[in-house]
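Quick mapping for you: the protein sequence lines, in order, are chains A and B.
Reminder that position 1 of the first sequence reads as 1 in my numbering, one-by-one numbering, no gaps.
Here my numbering runs 1000 ahead of the position in the second sequence, where the first position is 1.
Read the hints as simulated data drawn from the structure, not as lab findings.
All C-beta atoms in this analysis are idealised placements derived from N, C-alpha and C, irrespective of residue type, glycine included.
Don't take every hint at face value.
What the hints assert, rightly or not - The calculated label-pair distances, taken between Cβ atoms and stated as ranges, are:
id, chain 1, residue 1, chain 2, residue 2, range
1, B, L1320, A, C20, 49 to 59 Å
2, A, L166, B, A1155, 19 to 29 Å
3, B, E1073, A, W252, 45 to 55 Å
4, A, P104, B, A1155, 55 to 65 Å
5, A, F134, B, D1156, 51 to 61 Å
6, B, D1156, A, T146, 58 to 68 Å
7, A, A10, B, A1155, 43 to 53 Å
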Amino acid sequence: MSMRRAGAPAVAAAVAALLCVLPFLLDGYHQGIASAVGIYFVAILGLNILTGYTGQISIGHGAFMAIGGYTTVILSHDHHTNLIATLPAAAALTFVCGVAVGIPALRLSGVYLALATFALAVSVPQLPLKFSKFLGGSNGLQTDHTVSHLWLYAVSWACAALGFVLGWLLLRGRIGRAFRAVRDSELAAASSGVSLPIYKTLAFGVSAAYAGVAGSLFVLWTNGFAQPNEFEILLSLKILIGAAVAGLGSLWGVAVGAIFIGLLPQLSASVPLIGPAHGQDVVFGFVVILIMLVLPNGFAGLLWRVRAAIKTRPGTS
Amino acid sequence: MATFVATLTKRKTAVSTGVSIPVVALLVAGAVFLLIGCLSSEIFAQQTVSGLADGAIFGLLALALVLIYRATEVVNFAQGEMAMATTYFAYQLTQWHLTYWLAFVLTLAFAFVFGVLVQVAFIRPVQHKSVIAVVIVTVGLFILIDGVVTWIWGADLKFMAAPFGNNVYTLSGVAFSRLDIGVFLVCIASMVLLWLLFQYTKLGLAMRASALRPSSAALVGVRVDRMLAVGWGLAAVLGAVAGMMTEPKQFVLQPPLMQPILLYAFAAAVLGGLESPFGAVVGGLTLGVFLNLIGQYVGFATSELRLPIAFAVLLFVLVLKPTGLFGRRQVRRV
């Protein structure tokens, strides 16, 4: 335990140092990829707070990303708001949306919640098509100016770091304990005085706010364009897969999950035989299934297992 | 009426449904409303028939979902993509100059094998781990199948021969397309065949037993694992029929063919109670007719809103009556 307490800040400092140096080693294209990893990091972190800590599954986080993304674009396109200032606005709006979704979700669990959030993710990208005058239809809307790769890298990783620290602070204390109690047994949590409606909707709101920020950044990443087809169901599935690969209920695995969904398209593009155009989905789907078969608790589960193996090895304790 | 309900509730077989009198009254009222509407307006009648054809497809895919859910409490998010892949298989067969209906039958056999293989290779190893693990595996399958299909056939639009032709029958001023009627009949026939299989064959009995009481079934010699695989195979067959009927309704074949249908099927299954096969069919038909009529008569509900409306129906049912029309209340022991 003591090793872990000393180890965590050291690892965090090393990662932070690496992230600060990284953009100066990369060209613009690779800075873009690194920013994408940061954006996925924020989204997966949010989903992990919901699914990993309170046990509520969501296949609908792409919907919150869409809401956040469109918030940024509309504020920038119609009102010329500073792009940085749109991020808290997106977070606030998606927090409210998350709470609004969380309230009916109180009555659902397991598979039913998965179904409802899946339906949410499929439905939300239809709304810009319906309200095309306001939301730009299938062509989408664009922010009033675009940002450089370096700008996006800095902002997305700053958001990731801030989100990580805030998430850690939130989860280590009273609220985090309540979340975990809800996950492990709703009945036991309720009987020890944890208010289920408050904590479950709070988790939904917080989680959606993370997704909203990720959505804003995502839109900036796609040259400031918000289009319905960017936020199709595949995005929600990717975020869920990232969270599963990371390992639910652990903040440390999130980086691995983000790297997985951020880099796999690049890596699988070079897979021989399948070719770059369609290789991504084939490799992606296959690797996900493989990981679930081999490491059902994701990367965090692997870490726990290694740690347990080190601890129980005779002679080291 | 009362005796009818009594006989329905008395038969507590696998297809027993939690039919309650208000639900039956509601359905009868709905049917009477549709009948009166059809007799008084031609457009209403056309929309209803077309909605029934749509709804039969939703019901068929919903039935596939329910079949798997009843046996393992797992929702297969890849069900729609499996249906889409088998439809592409049928397309390939017609490209090799097989007639449509021969391709149809061969595709059903392929779908069965495909479903069994998926269960054995991907689902069985994670089945007992957690709900989330199984959901993620089906989500992975979703992406994998999508990728493989695009890899083999490409993402561009494909066209298949029309199975029912383009004729239109006119009956006292109302035009019924042959396509709608054909789709409806094929879907209903598949449902009836499935019902006969479950109700009157030894295999069906074994499958019902392993879904309801797996351990007891195993004790009397039912190979429960094998039955689960057969269940996935049958679900894939139902999905294949749904896919091959969706293709002529949409006139084109492309990889996202079944993604909206999957949402409608979810809504239909939830409307019917998620564990009631009869409910899935009724839910599908209801949803199909509802979507068509609301699209016809409510100006705001344009085609872009079909999916959000299905989502609203799903959420509405889950929040107000999570057991749906025909589901039984689950009692959980803590």
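Practice item. Could you tell me whether the CB distance from F134/A to D1156/B stays inside 51 to 61 Å? Key: violated (32 Å)
Review point. Is it true that L166/A and A1155/B lie within 19 to 29 Å of each other by Cβ?
Key: violated (40 Å)
Practice item. Using the beta carbons of D1156/B and T146/A, state whether their distance is inside 58 to 68 Å or not. Key: Since D1156/B and T146/A have Cβ atoms about 31 Å apart, the given range 58 to 68 Å is violated.
**Study point:** Satisfaction of the hinted span 49 to 59 Å by the C-beta atoms belonging to L1320/B and C20/A
**Key:** holds (53 Å)
Exercise for review: Return holds or violated for the Cβ distance of A10/A and A1155/B against the range 43 to 53 Å.
Suggested key: Given range 43 to 53 Å: holds, Cβ gap about 47 Å.
Review point. P104/A and A1155/B, beta-carbon distance inside 55 to 65 Å?
Key: At 35 Å between Cβs, range violated.
Review point. Do E1073/B and W252/A keep their Cβ atoms within the hinted range of 45 to 55 Å?
Key: violated (31 Å)
Hint compliance for this structure: hints 2, 3, 4, 5, 6 are not met, and every other hint is.
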